[in-house]
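K.L.:
Heads up: the sequence shown is residues 1 to 113, going by the numbering used here.
Just so you know, the hints here were simulated from the structure itself, not pulled from any lab data. Predicted model, so just to flag it, every value in this text is computed and none were measured. Ideal placement from N, C-alpha and C gives every residue a C-beta, glycine not left out. Hints may be right or wrong, so weigh each one.
What the hints assert, rightly or not - Computed spacing ranges between beta-carbons, pair by pair:
1. His45 <-> Arg8: 33 to 41 Å
2. Tyr44 <-> Asn92: 13 to 21 Å
3. Phe25 <-> Trp50: 16 to 24 Å
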Amino acid sequence: ISIALAKRGKKVLQIGCDPKHDSTFTLTGFLIPTIIDTLQSKDYHYEDVWPEDVIYKGYGDVDCVEAGGPPAGAGCGGYVVGETVKLLKELNAFYEYDVILFDVLGDVVCGGF
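Model the full structure from these sequences, guided by the hints.
P.N.:
Below is the structure:
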């Protein structure tokens, strides 16, 4: 979907919301660092995170982000997605795109989405 929209001239951001952080693998060719890992490495100082730290260019000029998440059974993925949205708002990233796609799990158990 992301590539099809990009080929139609839309500026697209795909946000992977799976702890395996593999939603964007086919677009980038590698597992990009997750937002949660990046935030942890900066002690959750949002002001120390730059767009290029978390947004990666993929095939067809689709921009890619991976939220990351807790290991299975160890927490709530909704929290991580919330932190991702918070950071992207802080970076004013949402205003850069025509379309933002969230690739979410189909079996959310914590009610976070």
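K.L.:
Would you say the C-beta atoms of Phe25 and Trp50 sit inside 16 to 24 Å of each other?
P.N.:
holds, 23 Å
K.L.:
Is it true that the C-beta distance of His45 to Arg8 lies inside 33 to 41 Å, as the hint says?
P.N.:
holds, 38 Å
K.L.:
Determine whether the Cβ-Cβ distance between Tyr44 and Asn92 falls within the hinted range of 13 to 21 Å.
P.N.:
The hint (13 to 21 Å, Cβ to Cβ) holds, given that Tyr44 and Asn92 are roughly 19 Å apart.
Of the numbered hints listed earlier, not one is contradicted by the structure.
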